[in-house]
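Using the sequences and the hints, build the whole thing.
What follows is the residue order along each chain.
Number of protein chains: 2
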Amino acid sequence: MNANASDIPGYTYGTSTVAASSATLDDLQRLKISAGFTEEDARYLRTAGVVLEDQVERIVNHWRAGIIAGIPHLARHSRNLDGSANPDYLARSNRRFQQWILDTCLRPYDQDWLNYQREIALRHTSVKKNQTDHADSTPFVPYSDIAAFLAVLNDTIKPYLEAKGDNESDVAHMHNAWCKSMQIQIALWAKPYMEIESAGTEW
Amino acid sequence: MNANASDIPGYTYGTSTVAASSATLDDLQRLKISAGFTEEDARYLRTAGVVLEDQVERIVNHWRAGIIAGIPHLARHSRNLDGSANPDYLARSNRRFQQWILDTCLRPYDQDWLNYQREIALRHTSVKKNQTDHADSTPFVPYSDIAAFLAVLNDTIKPYLEAKGDNESDVAHMHNAWCKSMQIQIALWAKPYMEIESAGTEW
Numbered sequence: 001m002n003a004n005a006s007d008i009p010g011y012t013y014g015t016s017t018v019a020a021s022s023a024t025l026d027d028l029q030r031l032k033i034s035a036g037f038t039e040e041d042a043r044y045l046r047t048a049g050v051v052l053e054d055q056v057e058r059i060v061n062h063w064r065a066g067i068i069a070g071i072p073h074l075a076r077h078s079r080n081l082d083g084s085a086n087p088d089y090l091a092r093s094n095r096r097f098q099q100w101i102l103d104t105c106l107r108p109y110d111q112d113w114l115n116y117q118r119e120i121a122l123r124h125t126s127v128k129k130n131q132t133d134h135a136d137s138t139p140f141v142p143y144s145d146i147a148a149f150l151a152v153l154n155d156t157i158k159p160y161l162e163a164k165g166d167n168e169s170d171v172a173h174m175h176n177a178w179c180k181s182m183q184i185q186i187a188l189w190a191k192p193y194m195e196i197e198s199a200g201t202e203w
Numbered sequence: 001m002n003a004n005a006s007d008i009p010g011y012t013y014g015t016s017t018v019a020a021s022s023a024t025l026d027d028l029q030r031l032k033i034s035a036g037f038t039e040e041d042a043r044y045l046r047t048a049g050v051v052l053e054d055q056v057e058r059i060v061n062h063w064r065a066g067i068i069a070g071i072p073h074l075a076r077h078s079r080n081l082d083g084s085a086n087p088d089y090l091a092r093s094n095r096r097f098q099q100w101i102l103d104t105c106l107r108p109y110d111q112d113w114l115n116y117q118r119e120i121a122l123r124h125t126s127v128k129k130n131q132t133d134h135a136d137s138t139p140f141v142p143y144s145d146i147a148a149f150l151a152v153l154n155d156t157i158k159p160y161l162e163a164k165g166d167n168e169s170d171v172a173h174m175h176n177a178w179c180k181s182m183q184i185q186i187a188l189w190a191k192p193y194m195e196i197e198s199a200g201t202e203w
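Just so you know, the sequences run in chain order F and Y.
Numbered per the UniProt record's numbering, the first sequence spans residues 1 to 203.
Numbered per the UniProt record's numbering, the second sequence spans residues 1 to 203.
Careful: at least some of the hints might be erroneous.
[As the list claims (entries may be wrong)] With the Cβ distance kept under 7 Å, some of the chain Y side facing chain F (calculated, not the full set):
(1) A35
(2) L150
(3) A187
(4) A190
Treat the hints as calculated values from the structure; they're not laboratory data.
Where a beta carbon is used, it is the ideal one built from N, C-alpha and C, also for glycine.
Structure follows, in structure tokens:
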């Protein structure tokens with residue numbers, strides 16, 4: 001995917017440690033149709049991936065240091081339980097956050113992708129949060145905050161999509177494809193949140 | 001809200017028949033912050049409401065007849081269980097769908113709004129679907145399809161926001177405010193879905 005993906009701590013995409021998703025490829029097909037996600041969108045996402053590839057560090061820094069750090073109820077999920085900073089946890093999860101941008105754009109949406117959607121969601125729930133990085137942080141990220149924060153991701157990705165001088169129409173297509181993928185992903189992430197025993201409490 | 005809102009069948013916004021939301025005003029405030037929703041967004045939504053007010057019938061017709069009707073796994077939720085059309089159910093829910101656009105733009109996001117968010121979500125789950133209109137349709141709309149379909153709502157609302165000749169910057173602000181509200185609403189709708197006993201099965 002990219003040359004360094006295998007060096008990313010805790011990044012297990014496509015490996016045997018990732019369990020099968022309970023959402024099926026038929027579910028994914030249904031959600032693509034519900035979101036209006038077509039083959040053209042897949043192509044525009046690949047273009048977006050090329051546009052974003054050398055910007056992912058800056059983008060994630062924008063999201064984390066520029067936005068999340070200023071929102072205490074979001075920032076705490078990357079900090080220790082006592083509120084102190086945990087630079088190692090943050091750095092590791094930032095690397096995966098960067099790779100997630102690339103995976104969103106450049107990976108085929110196949111069984112591996114679907115499995116990793118579930119893995120990502122679980123790592124935000126009490127089932128798996130903190131485990132990957134042996135962190136002592138909040139037990140889960142509320143689903144509702146992730147769903148709401150997508151509005152920020154969708155809005156703030158725009159200048160990075162524009163950054164390589166693509167024409168306005170292509171940028172709009174890339175952005176629309178990105179937004180469709182976000183809705184498919186938040187739909188997929190809902191499933192693990194709904195299936196865990198403490199579903200209502202991790203909303 | 002609008003002169004005819006009280007004539008809309010099954011529309012119970014602000015009435016004593018709507019139970020209190022289990023999401024609190026503090027939750028709503030948290031989600032607004034997570035989505036980056038500000039007072040400026042609330043103002044742009046009100047402008048959007050004025051722009052959209054005389055277009056809601058056309059917009060909902062676009063969504064229902066133009067898009068949903070062509071997607072069998074979505075269309076069936078407004079049809080009888082045997083697959084036959086139920087024009088009365090469709091017409092009634094379309095009137096409420098139209099009003100929901102106006103409520104999104106023009107209502108204050110207060111306790112009544114929050115309560116009605118829960119009511120809307122429940123009417124898509126097995127707890128309340130079909131009851132309002134005594135319909136014999138599917139028992140629930142999967143949460144995941146609603147989350148995915150937001151991408152379509154967000155994309156297709158654009159020309160209607162542009163229709164009154166507002167300048168490009170104002171239209172972009174209106175659209176961004178709309179998208180933020182959609183993410184807050186899909187976050188709120190997740191709560192009833194997570195709280196019902198059959199949570200996992202109505203994903």
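Checked hints:
1. A35: 4 Å, holds
2. L150: Given a least distance of 5 Å, the restraint on L150 (chain Y) holds.
3. A187: 4 Å, holds
4. A190: 6 Å, holds
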